[in-house]
Every structure is written in structure tokens, then in C-alpha cells.
Amino acid sequence: MSARSGTRIGVITFPGSLDDRDAQRAIRLAGAEPVALWHGSHDLEGVDALVLPGGFSYGDYLRAGAIAALAPIMAEVKDAAAKGMPILGICNGFQMLVEAQLLPGGLIRNAHQQFVRRDQKLRVENASTAWTSEFTEGQEIVIPLKNADGGYIAAESELDRLEGEGLVAFRYLGVNPNGSLRDIAGLANERGNVVGLMPHPEHAVEEGFGPNTPAAMRSGLDGLPFFTSAIAAVVGAAA
Amino acid sequence: MPTIVVDVMPKAELLDPQGKAVSGALTRLGVSDFTSVRIGKRFELTVEGEIGEDVLAKAREIADEILSNSVIEDVVGIEVVE
Numbered sequence: 000m001s002a003r004s005g006t007r008i009g010v011i012t013f014p015g016s017l018d019d020r021d022a023q024r025a026i027r028l029a030g031a032e033p034v035a036l037w038h039g040s041h042d043l044e045g046v047d048a049l050v051l052p053g054g055f056s057y058g059d060y061l062r063a064g065a066i067a068a069l070a071p072i073m074a075e076v077k078d079a080a081a082k083g084m085p086i087l088g089i090c091n092g093f094q095m096l097v098e099a100q101l102l103p104g105g106l107i108r109n110a111h112q113q114f115v116r117r118d119q120k121l122r123v124e125n126a127s128t129a130w131t132s133e134f135t136e137g138q139e140i141v142i143p144l145k146n147a148d149g150g151y152i153a154a155e156s157e158l159d160r161l162e163g164e165g166l167v168a169f170r171y172l173g174v175n176p177n178g179s180l181r182d183i184a185g186l187a188n189e190r191g192n193v194v195g196l197m198p199h200p201e202h203a204v205e206e207g208f209g210p211n212t213p214a215a216m217r218s219g220l221d222g223l224p225f226f227t228s229a230i231a232a233v234v235g236a237a238a
Numbered sequence: 000m001p002t003i004v005v006d007v008m009p010k011a012e013l014l015d016p017q018g019k020a021v022s023g024a025l026t027r028l029g030v031s032d033f034t035s036v037r038i039g040k041r042f043e044l045t046v047e048g049e050i051g052e053d054v055l056a057k058a059r060e061i062a063d064e065i066l067s068n069s070v071i072e073d074v075v076g077i078e079v080v081e
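First to last, the sequence lines map onto chains A and B. For the record, in the first sequence the residue sitting at position 43 is 42 according to numbering that gives the first Met the number 0, with numbers rising by one throughout. For the record, in the second sequence the residue sitting at position 26 is 25 according to numbering that gives the first Met the number 0, with numbers rising by one throughout.
Hints were generated in silico from the structure; no laboratory data involved. Small disclaimer: the values here were computed from a predicted structure and weren't measured. The C-beta atom is built at its ideal place from N, Cα and C for all residues, glycine as well. Treat the hints with care, since some could be wrong.
To be verified - Label-pair ranges, simulated between beta-carbon atoms:
1) B:VAL30 - A:ASP42: 51 to 61 Å
2) A:VAL174 - B:LYS40: 51 to 61 Å
3) B:LYS57 - A:TYR60: 19 to 29 Å
4) B:ILE65 - A:ARG160: 50 to 60 Å
5) B:LEU55 - A:TYR60: 23 to 33 Å
6) A:GLY45 - B:ILE65: 51 to 61 Å
7) B:LEU55 - A:GLY163: 56 to 66 Å
8) B:GLU52 - A:ASP159: 36 to 46 Å
9) A:GLU155 - B:ILE61: 26 to 36 Å
All chains, please: the whole structure from these sequences, using the hints.
This is the structure we're talking about:
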């Protein structure tokens, strides 16, 4: 079932990336071809879309995602973002996008100081981005969350702007797991091609390995539409 | 070695979870002299030879662009120590 769409989605591995292989697997299950990319290179190898995966690049030294945001390949990532390429930052990848100023605000240590791992309910607030078009606005989904530095912060005026312009892509429901202001779990840029979120869609793409659902244990597949949305965006742009 | 010290603090208006945790520990220990604790970062940049204006200018530049993130932090001091 791999690569049936002809879409190639790159996953950049940084020193300390953990979930790059999981992201590649999710891309394959969604019907695209994953392309492994390396942080130290300046070559995106002609991919149609990009995922910056989760992990603890450079040990989260300085600030989470800060040193990775200065990696050689990030110059090409910024160019691609400006040209409208779909780019998804997951967890540490979201932190990199924020540090690279491709998304606004900042991510700090969880308010309760603890690392947190839970199956997290989210509301999709913006279903018109390159990574959310296969959801419906207001849809509630459950995907795993696991982070230490997931507290989203920005100035009040910036938060008002994000809300007003519909750039809050995902909001935590039920529990705010890290003290994020306005329960913000993920953001999109104005154009909708760059999306970042703390929870992990790539861990909810295959029966037997996803979050529990009322129907069956570990049957949650709510992460898959992220990747099928990106494929639809690439195929739509080419048509 | 001539050294430039750069001090970075979380923005005053933002929550500092690490400082809050230390503050809570002090309260539990019965230390009541301090109303709050905030935790920042100190960078020591060592220089070979004299620290000229150009080196200081470079230190200011990396302090703003790399050592701190202006969304969440402020550079509160850049000073030369011997």
C-alpha cells in the first residue's frame, strides 16, 4: 500500500530525534513515500512535504528545539515554508518551528514541572490547513502526548491575534496537560502550510498501537488524517 | 582568560515553573524570607586576547539571536569579567 499517491514526504532526523522512524511509518501507512533526510545536509531531495519529528534534539540544551532550529537544513526548510510546502512539526519539531520563527510564541517547561505521557483529547479548531483538511472543524480526537517542555506561551495581544485569525489549530480538551495558555495544543501559520503541535499523531495510525477507544483497546487512528490531509494538499496543488 | 558574561532571564510577566518549584520547596522548609524565586541562565563566553568593541558587539548579537529567545526571555546583562 506504500506510495500509492506518488507523494514523497521527508522526515528530518536531528541528533536526538526519537520519533523519526515512527513518522516515516505513519507516512507509509497514509499512502505516501517517506524520505529520510539529515539535519546536516542542505538537500530536501525534492520532497513534496516535510515532517520535523519529536525527540530531544541536542538534549534540549539551551532551549528545546533551539539548536536544531540553527541546523544547516533549516535554511532550506525556511525557504520551503515560504514557498507553501506543507510542513508539520510534532513535539520537538513544533519547538523547532517556534524557535525558527516559522510559528509564533514559545514553549516552556510544563507548569507542573513533570514529564507527562497520556492519551490526550484535542479539538480541531482549524480544519482548513494542509495537515487538518481531512478533519472537520470542532472534531474531537485522541492522540498520545508526551513532553516535558510543552507549555505554550505568548503575549496576551499575540494570543488575541492568533485566536482572531484562526491560527489556533488544536486545543486541549478535558485536561490541560502542561499549562499552555488558552489550552493551545497546536498552531498553524497564516497560509496554513506550516502546522505544529505538541501531541503525536504518528503514534495513532495503526490498529493495535494507538490510544484506547470505546470500541477496542489501542484501536485509535486519529493521527492518520494529518498525513492523508498533507497528501491531499500535495495532490491538489499538482492537479 | 577575558570573559564576557551574558545573563538571560525568563520574561518577568511569564510563568517561571522552575523558580516556582524552588519557591515552593523553600516554603515547605520554613524559609519565609523570600517572596519569590526566578531562575535564569548565565553564559560565560571566553575570549582569546583583548575584548574589543567588535567582540562585544558580536556577544550582544548572539545574546539576542541565539542565547535568548525574545518571545520568552530577556537578556538582562552583558558584562566583561577578567
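Of the numbered hints stated earlier in the document, which are not met by this structure?
Those not satisfied are hints 2, 4, 6 and 7.
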